[in-house]
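All chains, please: the whole structure from these sequences, using the hints.
Chains as they are written, first to last, in our numbering: chain D, 66 to 552; chain R, 3 to 489; chain X, 943 to 1053.
The hints are simulated quantities; they were obtained by calculation from the structure and are not laboratory data. Heads up, the beta-carbon is just placed ideally off N, CA and C, and yes, glycines get one too. There could be a bad hint or two in this list.
Unchecked claim - Residues from chain D that face chain R, not an exhaustive set, calculated with beta carbons under 7 Å: (1) L269; (2) V270; (3) S275; (4) E381; (5) A387; (6) A433.
As the list claims (entries may be wrong) - Simulated pairs of lysine-lysine, DSSO-like, Cα-Cα distance not exceeding 30 Å: (7) K988/X / K335/R; (8) K1025/X / K480/D; (9) K1022/X / K60/R; (10) K298/D / K25/R; (11) K160/D / K1022/X; (12) K101/D / K111/D; (13) K151/D / K60/R; (14) K1025/X / K111/D; (15) K988/X / K368/D; (16) K988/X / K436/D; (17) K552/D / K105/D; (18) K402/D / K138/R; (19) K97/D / K111/D; (20) K436/D / K960/X.
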Amino acid sequence: MSEIYNLSAIEIRDRFLKGSISAVSIVETFLKRIEKYDSKIGAFLKVFPERALSQAKKLDERLKGGEKLGKLAGIPIAFKDNIHVKGEISTCASKFLTNYKAPFDATVTELIEAEDAIIIGKTNMDEFAMGSSTENSALQKTCNPWDLSCTPGGSSGGSAAAVAARLCPLALGSDTGGSVRLPASFCGIVGFKPTYGRVSRFGLVAYGSSLDQIGPLATTTADAALLMEVIGKHCPRDSTSFDEPQEAYLDKINNRPEGLTIGVPWQFLEELAPEPKQIFNQALETLRTLGAKIVDVDLHILKHSIAVYYILATAEASTNLARFDGIRYGVRSSKAKTLDEVYRYSKEEGFGPEVKRRILLGTYVLSAGYKDAYYKKAQKVRSLMIKSYEKTFTQCDLVATPVSPFTAFEIGAIKDPLQMYLEDIYTIGINLAGLPAISVPEGFAKDGKPLGLQLIGPQKGDALVLAAAHLYEKQSKYNLAIPTFVK
Amino acid sequence: MKQYSAVWEAVIGLEIHAELNTKSKLFSVAPNRFGDEPNTNITEVCTGQPGALPVLNKEAVLKAVQFGCAINANISRFSTFDRKSYFYPDSPRNFQITQYDEPIIRGGTVIAEVDGKEMGFAVNRVHLEDDAGMLKHFPTFAGVDYNRAGVPLIEIVSEPCIHSGKEASAYALAVKAILQYIDASDCNMEEGSLRVDVNVSVRPKGTNELRSKIEIKNMNSFSFMEMAIEAEIKRQIHEYERNPDLLPHLIIQQATFRWDVEKKETVMMRSKEMAADYRYFPEPDLVPIVLSENYIEEIAKSLPELPLQRERRYVKEFGLTPHNAFLLVSDKKIADYFEEALLLYNQPRLLCTWITVEFAGRLKETGKNIIDYGISSVHLANLVKMIDRGVITGRIAKTVADDMMLHPDKNPELIVAENPDYSPVHDEGEIETLVDQVLAANPQSIADFKAGRDKAFAFLVGQVMKLSRGKASPGVVNDLLKRKILG
Amino acid sequence: MEQPGLKPLMGTMANLTKQTIQNLIKLSCIECSEEEQERLLIDLGKIISYFEMLDAIDTENVAPCNHVLASVVNVEREDKTGKTLSRDSFLSNAPSQIGGLIRVPPVIKNS
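What follows is the structure in structure tokens.
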């Protein structure tokens, strides 16, 4: 049973339901692993041993009593620390919220607990989800389990590292410009971003409201599909969530997609270095052997996606974060004497440098005299990007790209903010168009670090994306590799 | 148009904020109630908790459209919400959700009564937005109560087509009446469910220029508003006239004033050297409102009788003057009260006089209207019945009215029954003595009347009534006088 | 894809001045030290210059995208009250409270 951490979430659940292992035993196993490895990895900001064990105990009793349990029964799951668990602190990895107890559960929290999963802790992230490496956390450092000197990617780095290191089989992250997919790629696991509006944002601390989606991080596509079955539901408390029935993603991933046409935007990928290009090509070859046709598609407009994203996301964020002012909640500056000082000093002390930069940038692009040139322009280019994708999906079923131009970089290697922004070049356009996309492990570079293949679907094509990724994964099996450090 | 001088005319615009009387708030399910303990009518949405999201209240949309139909405005088939950013403690998110670019209502006309005539005032737009909380000021700190935060408001913006304090009052009264009749708002200025801000500027008569305007806030009654407007017009004219060599924009600079009730003058709150940059942009958390022709037609069809229609009906059916009819209909409760009394005793003009003149005068100091004061429509009808049937004289009726003011719940018929003094004297003998006295003292009047002047007769009647201290029966007096003079 | 004759709307790095930074700081109510302001001038300048690439795209007759799911409209709820936040829960996160109110330093009366 010491290898339970090697099992997928579904396998763990099935063993629990069969009675081969107790929920308490499952939780204890993972708590021990967290204790053993997380001091070096730093994935968790907070672990909930009492809460998790108490829930596990109750589950064991209920199973014994013959009760029918939920789809996620017995599965420990970690939440990125910008997703509310009522009564627990949501820090968003910011000094501002180190004392903020979430007064309500996120919708995903309610849905997940209703299916009897066990929330085992909250994970580290870039502060307020602003970042691509988790280095912007104001609270702690997270290291990549494949190479502790490297970042796990971001902003859902904690969740990705936790799953990669088998500290828990499932985790939730949030993805605004690639924040689930990039860490999945850097950590060699599966990360899925649903179609915008598929998963409720109620209870997710907002960063880029028109871009944010909560998504699963897992070691297998089936696990991701299972979690999507639970959280992919219309929410009346989120006006942007679309009203369509839940989909049986887990069933559907076994529908082998026949005659798949996969588009690759070669022109857009022309700057890819030889090694990632070769590994990406290998992945495409695997897809060909699985019956897919690879075609060239034109998505050159995506070259502008970073500019568009950083105008729109920061504009939204500048207003979403305005509420953090030291008045109603959060840390109020102790040196503030006047009202004006409460605002200025609380924000000065509470926000890290990247957050400040983005708030100021967002304020700039919305300010009088600049709004037309920046914000409105970006909104128009966004329309063009959506049209471009729509056209592309008349030529193919899915689009494939690498998730990242390279493997996980060293902590501290990228100091220039703009350079950091350019990391997201392949992932960011997807959020602008609201499309579903997945990162699935496609191999290892010579430096031993993983790379991810990105499959992108049309709006509401979540099932197809998961199915195609599942097909690929069964063949390539890179997701089964475990970092040496935590074996 | 009011003549301020041969040279100047005033240009006034009104912004009226009315709280809609929905059960729940605009974007939050907290109760929309006034007067409860602070911070007890709140949810995560209206206190700006991170992770909370707005969901639109359909009843607020309905009431806004009803108002739009009532003023024959253009109902937007497509309208959206925007974020308006500014920092203030009563704002839970430091941005208000309003409608800037695409309001739900555009244009429209409000017909009000000015000096007995109907006058049309153009409306620029009407839009939905959420209210802020309340800031309570204390010597060494301030306290914030978010009960009001999130309450639905409609903001009604007039064109600058108002030219005097009186017109402003008439317009505001007409708007208030419409809101009352469609049951959209409590329209209580004291409780803050109706707020009026005015913009005042002056210009040389006959020109089209729009000079710097002064905004005046904090007027909590229409009469104060009228006073404030008139004072401000005078002030601006004075300033322009005593600085003939300066350019206009240097004489009056845009600023915000508040009305000081004690000093009875406008006091500057803040100047507008730095116009606020609200950085409006489309609210990403809310989706557009798309209204069908059907929806709008249904609402237009099912509007109740509006104040203007009611006023015209009163003029036509009851022969009331437009001025009096407007007085009655301007408060729906009073108009309903009038019609209740009318059902009991069908003398509309007399009832109208007693409501709008006699009792209104007596009630002025109490600050209450006849209904709140407790004089029932039944009792009013009884009073009028007694007058009309000659049971009491007009003069005695005034005394009875005074008694009703002291004992509002007392039936005037009872008051009269208990007071023998109130019943007119029918004794011919008693009256004859007085008649003889009067005729002896007024030979000229007798001559005048015989010469054909009816006024002289009325004078003689009046003299007899005076001598009898109002107690003589007018009928008997009339008969006796005629007999004695004409033989 | 350069569009000849298209006038660039955006400023270059040169247009971002210390004054602009100070204005942004004022608008967003964040205190920033002198050094931070210097740093921001450089960092934001670079990023804003990067945005200039959008100038080259012709968006003359393009409608802005305000919602990525164009089909989602008219999301409304019934006018019913629902679960509220208890005052205790709300105030338990407050940095300062008094008599059931959120307490802040005294405020100049402003509307």
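Here is what the structure says about each hint:
Proximity of L269/D to chain R holds as hinted, the smallest CB-CB distance being about 6 Å (cut-off 7 Å). Using the Cβ-Cβ criterion of 7 Å, the hint placing V270/D at the interface with chain R is satisfied: the shortest such distance is roughly 4 Å. Below 7 Å, beta-carbon pairs count as interface contacts, and S275/D has one with chain R at about 4 Å; its hint therefore holds. Checking E381/D against chain R by beta carbon gives a least distance of about 6 Å; that is within 7 Å, so the hint holds.
At its closest, the beta carbon of A387/D sits 4 Å from a beta carbon of chain R; the interface hint therefore holds under the 7 Å criterion. Because the smallest distance between the Cβ of A433/D and any Cβ of chain R comes to about 5 Å, under 7 Å, the interface hint for this residue holds. For the suggested pair K988/X and K335/R, the alpha carbons sit about 65 Å apart, so the restraint of at most 30 Å is broken. Distance restraint check for K1025/X and K480/D: the Cα-Cα separation of roughly 46 Å exceeds the 30 Å cut-off, and the hinted pair is therefore not satisfied.
Simply put, K1022/X and K60/R have alpha-carbon atoms about 10 Å apart, close enough for the 30 Å limit, and the pair holds. A distance of roughly 28 Å separates the Cα atoms of K298/D and K25/R; the hinted pair therefore holds under the 30 Å criterion. Using a Cα cut-off of 30 Å, the hinted pair K160/D and K1022/X is violated, with the two alpha carbons roughly 37 Å apart. Between K101/D and K111/D the alpha-carbon distance is near 15 Å, which keeps this suggested pair within the 30 Å criterion.
Between K151/D and K60/R the CA atoms are separated by roughly 29 Å; this keeps the pair inside 30 Å, and the hint holds. Among the hinted pairs, K1025/X with K111/D is consistent with the structure: their alpha-carbon atoms are about 29 Å apart, no more than 30 Å. About 17 Å separates the Cα atoms of K988/X and K368/D, which keeps this hinted pair within 30 Å; it holds. About 18 Å separates the Cα atoms of K988/X and K436/D, which keeps this hinted pair within 30 Å; it holds.
Taking the CA atoms of K552/D and K105/D, the gap is about 14 Å. The hint holds against a cut of 30 Å. Taken as a hint, the K402/D and K138/R pair is honoured in the structure, with Cα atoms around 18 Å apart against an allowance of 30 Å. For the hint linking K97/D to K111/D, the alpha-carbon distance of about 14 Å falls within 30 Å, and the restraint holds. Restraint check: the Cα-Cα separation between K436/D and K960/X comes to about 19 Å, which is no more than 30 Å; the hinted pair holds.
In the structure shown, a violation is registered for the earlier hints numbered 7, 8, 11, in ascending order.
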